[in-house]
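Chemist: In case you want the letters, here they are:
Protein chains: 2
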Amino acid sequence: MTNPALVDVTRGQLTESLHRGSVAVVDAGGKLVCGVGDFDARVFPRSAIKALQAIPLVESGAAEALDLSDAELSLACASHNGEEVHANSARVMLMKAGLTEDDLECGPQWPKRMEDAAKLILADETPCGLHNNCSGKHAGFLGLAKVMGVETKGYVEPSHPVQREIRNVMEQMTGDIVSEDVCGTDGCSIPTYASPLNSFARAFAAFGTGEGLEPLRQDAAQRIFDACINEPYMVAGADRFCTKVMEGFRGRVFVKTGAEGVFCASIPELGYGVALKCDDGATRAAEVMMATVLEVMLELDESEAKLLDGLVNPPVLTRRGAEAGVIRPRQEFLQMLKGALPAN
Amino acid sequence: MTNPALVDVTRGQLTESLHRGSVAVVDAGGKLVCGVGDFDARVFPRSAIKALQAIPLVESGAAEALDLSDAELSLACASHNGEEVHANSARVMLMKAGLTEDDLECGPQWPKRMEDAAKLILADETPCGLHNNCSGKHAGFLGLAKVMGVETKGYVEPSHPVQREIRNVMEQMTGDIVSEDVCGTDGCSIPTYASPLNSFARAFAAFGTGEGLEPLRQDAAQRIFDACINEPYMVAGADRFCTKVMEGFRGRVFVKTGAEGVFCASIPELGYGVALKCDDGATRAAEVMMATVLEVMLELDESEAKLLDGLVNPPVLTRRGAEAGVIRPRQEFLQMLKGALPAN
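If you read the protein sequences in the order shown, they are chains X and W. Take 1 as the starting number for the first sequence in this note's numbering and just add one per residue. Take 1 as the starting number for the second sequence in this note's numbering and just add one per residue.
Extracted from the complex, chain X is given alone in its bound form (with noise of 0.2 Å):
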């Protein structure tokens, strides 16, 4: 099955490319409200589901032993950008689990800004594995490991207890058994496994409702939930997407990126769970695909409306900032999107 083209990035009069992809809208009780495209078809979530990932942190209490705050445990659920705040947290929550960035089985990546990357380089310093996006989301690993009393070292091997106790949830969460042969390597080394995208909207309706979770999980899943949304800028930083969105919704909706163009997303309100895809992994078009979703599907307010715009639209800039052009949404995608809408 082809994908439908669901963003356009326009130059002058023309459209230059385009963005293929799928997305499922799923309610709490695991009824498909939306779905475009081939959403049944298997997916690598990569980095867009490191809150159900960080769910055994705080299910098994190892969060609460550990001390972690609000800040940390958003962190744990970050794509961040590598700033000094974020590298700092990471580095205390390795040391609230007597460990250190040696720990990190995640390898060293260059902060995503350059003036985060400046900082280092006036300091004569290279990056380390506390600036690799995913530094917050390892710190919970070995914490978690170090509180079940298993060797850390290895903690990123499929067939360790915490990416086991992982699989186990995200199996849970998703209804969807995954065996190895749809199991790939993420790029900080940890196992990654293809659902459906319908799949893990469902894992995601139920995380920001609670609805069909045992009482232990629930509480686990507002307690991240929560976190997130009062700690946005931990889950990425300076000028992101899901940073930008969380601060501006104020608890409405959690939203999270990854890699190769996916993306998840929880709006309690509704009841509602998302999951999407970008065929060709272009984050600039996920971006616009998760925007476009919450601008339909959302009764917006003035400043929640003003921001959305400039995330459904966002300008295609020369060298000296003037507009060349604009990705946004093309029309056939709002159709189906508003076809979903609770009025028709």
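Note that these hints are calculated values from the structure, not bench results. Keep in mind that this is a model prediction, so the values were computed, not measured. Yeah, the Cβ is synthetic: ideal placement off N, Cα and C, and Gly gets one too. Any given hint could turn out to be false.
Stated by the list, open to error - Covered stretches of chain W, going by a simulated chain X footprint (3 or more residues, C-beta under 8 Å):
| # | segment |
| --- | --- |
| 1 | 15-23 |
| 2 | 99-113 |
| 3 | 320-332 |
As the list claims (entries may be wrong) - To spell it out: a stretch of chain X is covered by chain W in this simulated footprint if at least three of its residues, at any positions, have a beta carbon under 8 Å from a beta carbon of chain W; those stretches are:
| # | segment |
| --- | --- |
| 4 | 105-113 |
| 5 | 137-148 |
Since chain X is already given, all that's left is putting chain W on it; use the hints.
Modeler: Relative to the frame of chain X, chain W by itself:
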């Protein structure tokens, strides 16, 4: 028309993302040798045609009047990394025309590689127009304006004599007359005119062979082709596709990348010109598409085969450098190209 999927991005045993696109291979007589997808659709060529945009600089005698070296002429055709050697060479080109970096209208850009950005940061400098990947092209435009005796200010505007002259040459080379409707503004602020891929391929067949060109233009094309072949590092730089291919093929091919997934090439020994575009604008896919065209179309010696193998199937790596997947051409794409070989 939906263009076919040409490139897969795998992770583990699955395809994680895919890229669609179109390709035109045309011979020196203007005949289509191989067409993939909607090669008749208009595409912004962006930086892939810089070598053709340099023709007026040479044909007018300006390059000779300014005493431009091969390295400088190669830089005029470049999308370079903004390394010291590139920025310094652009500065010298401007000096030869009695101008400075203040005359550049391309806007600033950070060097592509962190080690080059670090040099600026450690010197307490910020990037300027010289570091813009298009600075050599702009220095060429400014030199041409000077020798033409026209106002240099506003040389990026479509109505400026330099841009009008380039438009004329492009129309002659492509055989496609363009209107204002298909004019967009490029990232470096100059006009970019959309034409069909087969028109660009025709232009690059003529560029590489000289066939069908007036003697003066034939000489200009040859001079530009040779300059890029002699100084491939100036066309791009360290660890870049265009530099590696032109170094490795020692005159057998000219290749040039453009933003939003465009790629053009000349293969003089076959008399072919090539133009391709990845629908979604991804450079990673456009590179694999071009490498695949070269691999199928050319008889390769051992070192050429080894070079191309790495470019046809680049690995997807974790941040620790482990192989998590591969970017590779689809079998259908290989079949389409092989079907166009003379033996068939």
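Chemist: Look at each hint and say if it fits the structure.
Modeler: Results for each hint:
1. 15-23: holds (count 5)
2. 99-113: Check passed, 6 qualifying residues.
3. 320-332: holds (count 5)
4. 105-113: It holds, with 6 qualifying residues against the three required.
5. 137-148: Coverage by chain W is violated for the segment 137-148 of chain X (0 residues, Cβ < 8 Å).
The earlier numbered hint that this structure contradicts is number 5, and it is the only one.
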